[in-house]
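Asker: Residue strings, one per chain:
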Amino acid sequence: MSDGRGELAIRVSALVVGFGDHVVLDRLSLDVRRGEVLGVVGASGGGKSVLLRTILGLIPKRRGRIEILGIDTDTADDDDVRSIGRRCGTLFQQGALFSSLTVLQNVQFPMREYLDLPEDLMRDVAMAKLEMVGLTLDDADKLPAELSGGMTKRVALARALALDPEIVFLDEPTSGLDPIAAEDFDQLIRTLQRTLGLTVYMNTHDLDSLNTVCDRIAALADGRVVALGPMDVMRDCDHPWVRSYFGGKRAHVAAREIAPLAQ
Amino acid sequence: MPPELTPVMDNGRWRLRAGGAWTSDNARELQRLVEAATRAVAGPQPVTIDVAEVRQLDTFGAWLLERLQRGAGAEGRDARLAGVPDHYRGLLDELRQANRRPPSARRAANPIVAALAWTGQRAIEIGRDLVSLIAMLGALGEALGRALLHPRTFRLTSAVHHFDRVAWQAVPIVVLITLLIGGIIAQQGIFHFRKFGADDYVVDLVGILVLREIGVLLVAIMVAGRSGSSYTAELGSMKMREEIDALRTMGLDPIEVLILPRVLALVFALPVLTFIGSMAALYGGGMVAWLYGGMSPEIFIDRLKEAISIDHFKVGMIKAPFMALMIGAVACVEGLKVKGSAESLGLQTTTSVVKSIFLVIVLDGVFAIFFASVGI
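So the protein lines, in turn, are chains W and H. The first sequence maps to residues 538 to 800 in our numbering. The second sequence maps to residues 5 to 380 in our numbering.
These are computed hints drawn from the structure, not numbers from a lab. Check before you lean on any hint, since a few could be wrong.
To be verified - Short, incomplete list of chain H residues facing chain W, as computed with Cβ under 7 Å:
{"id": "1", "residue": "Ala31"}
{"id": "2", "residue": "Phe64"}
{"id": "3", "residue": "Trp67"}
{"id": "4", "residue": "Gly94"}
{"id": "5", "residue": "Glu347"}
As the list claims (entries may be wrong) - So these bits of chain H aren't anywhere near chain W, every CB distance computed over 12 Å:
{"id": "6", "residue": "Glu98"}
{"id": "7", "residue": "Asp204"}
{"id": "8", "residue": "Ile312"}
{"id": "9", "residue": "Val366"}
Unchecked claim - Restricting the straight-line Cα-Cα distance to at most 27 Å, the calculated cross-link-like pairs of lysine-lysine (DSSO-like) are:
{"id": "10", "chain 1": "W", "residue 1": "Lys679", "chain 2": "H", "residue 2": "Lys341"}
{"id": "11", "chain 1": "H", "residue 1": "Lys309", "chain 2": "H", "residue 2": "Lys199"}
{"id": "12", "chain 1": "H", "residue 1": "Lys199", "chain 2": "W", "residue 2": "Lys679"}
We put the beta carbon where it would ideally sit given N, CA and C, even for glycine.
Sequences are here, hints too, so could you generate the full structure?
Answerer: This is the structure in C-alpha cells:
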C-alpha cells in the first residue's frame, strides 16, 4: 500500500466543468501528492464543491482528465471503479449517513460490501474505528437521526475510514462544529493521517484547519487554482482574492495563535 | 505476500513471529492464524510477538495483533510486542485503547412475553392514533373558526394552489378510471341479467350503484392514494428539515398555515371529483349498454330517469366532504409523525394511505347504516 511514495494520488489536468452557459471550472489543473494533506480554499460558490464532486465522478466534466491513484476515470472499467471505491473514502458535508442503519451498521456497510470478514472481526474493527473518532459504545446502536452535528461528522469520518482508504475526501469537515470540537477534529484528522498514512483532500473554510493540518493549500478563484503551496506561499500571493482571504483579520489571529505551537 | 505467524520456544519464552501482509484482504486467514497461535502458546511462559517481518499493516491486521496480545496476556501473563517499525507504532497505539469495555450483553426476550408486549403496544398505539386523529380534527375546527373570525389570516392562495393540484390535475385519471369501471359494471350486468331477460335493469344497477356507492368510494380511494400520500410526504419532509419548527418559532401555527388550506382544498375537491367521476361512470355504462347491449342512448337515459331519484345522487355527494376530511386529517397526522430518517418518511406515507382507505370504507359503512335507518 505504501509503495510508490513519490507518485501522485490525484491528478487533475485541464478540467472544464460548467452548467449551461456558466463555466465553473476553466482548464483547472491540480496534483495531489501521496501522503499529504491538501486544503482547498475558495469563495463560496467558487467551485470547490464542484471540483470535489467532479473528482468523485458525481458531476460530469466537459473536458480534461482526472486520474485517481493512477486510474484514468474516463477509461476505467467496472473493476477500476470498484477499486477506486475501495481505496477512497468520502466525508460529505452533511454526513450523508444512511438514515435507516445504526451508527455501527453505517461503519460496517463498506466493509460488508468490499471485504470478506468474519462477523466478530468486523464488529471489533468498526467499534475500534468509532472509538478512534471519539465515540463510545453507547453511541453504536443509535440511529443517525439521534446524533448531534458533531457526532454525525465523526461517524461519517469513521465510515469514510472504514476500509483503511488511501485517499480521504473531506468536504468542509469542521463546518458547523464549535471551535473546540473543530480543533479536536483537526487533531483527529492529523493523527489518523499520520498513523494510517492517508492522503487527505480537504475542502475547507476554516483558517485554523489550514494552518494546523494542511501540508499544502490550493486556492481556487476564477475557476482555476491561483495559488498552490504551504501557508507562506498563500501569504505572499498577490492575487486579490487570496490576499484578502489570508490577509484578513481572522487569518492574522489564527496565524498568531498557531505560530508558537509550530515552533 | 501471505501472512505468517509461527510460534517458537526460545529460552523459556514463547516467540510469535509475524510476517507478510497483515491486511483486510487476508482477514480470514489472519484470524485463523491468531486463534491457532493463541491455542499453541497456552501455558505460563511469557510471550513476545515479533512483528519486524510484517510487510503491510492496516487497521484490521493491527486489531488482530492487538487481539493476539490481549489473548496471550490474559491472566496477568507477560505478553509484549517487539520489533515494531516506527510507522506502525501510531496505529498499534491507537488500537491499544480500542474495545476495552466489554459489550453489554443482550438478553433474548421470552417469545410469549414479547408477543404479548407487542400486542399490548399495538393496542396502545391504536388508541393513541385515534386520539391524535381526533385532536387533529379539533385543531382543524379551531383553525377554521379562527379563519372565519379573521378571514384575512386564511391562506387563500395556498388553498387555491392545493385545490388545483388535488382537483383539476386529478380529473383526467379520475375520468378514465370511473369511465372504465362504469363500463365494466354495465357489461357484467347485461351479461348476467340477460339470462333471465332482465337486461333493462342494468340501467338501475349502474345508476344506483354508481351514484350511491361506487362513484364516491372509488374517487375517495384514488384521492387517498394520490393526494393523501403526497400531503404526508410533503409535511413529513418539512418536519425532517425543521421547517415546521421554524414556523412555530416565528409564532405561526402550522395547522393554520400548512394543514388547514390543504384539508379545505381536499374537502372542496372530493365532491367535485365525485360528481365528475359519477358522470363519467354513467357515461361509460351508457356506452357499453349501447355498443354491447344494443340499448340506444335515448332508452338508457329514459330508464335512468325512472330508476334513480335525486336522493341517490344526494346520498353519494353528501359522503364526499366527510371522506375528504378523513383523508386529509389522517394524511396530516401521519405527516407530522415523521421522524428524522428516510425510512420513517416511507413508513408514514404507506400508513397514511392504508389508514385513510380503511377509514373511508368504515365511514361509508356508517353512512349506509345511517341512510338505511332514516329511510333514504
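Asker: Mind listing which of the numbered hints don't hold for this structure, in increasing order?
Answerer: 6, 12
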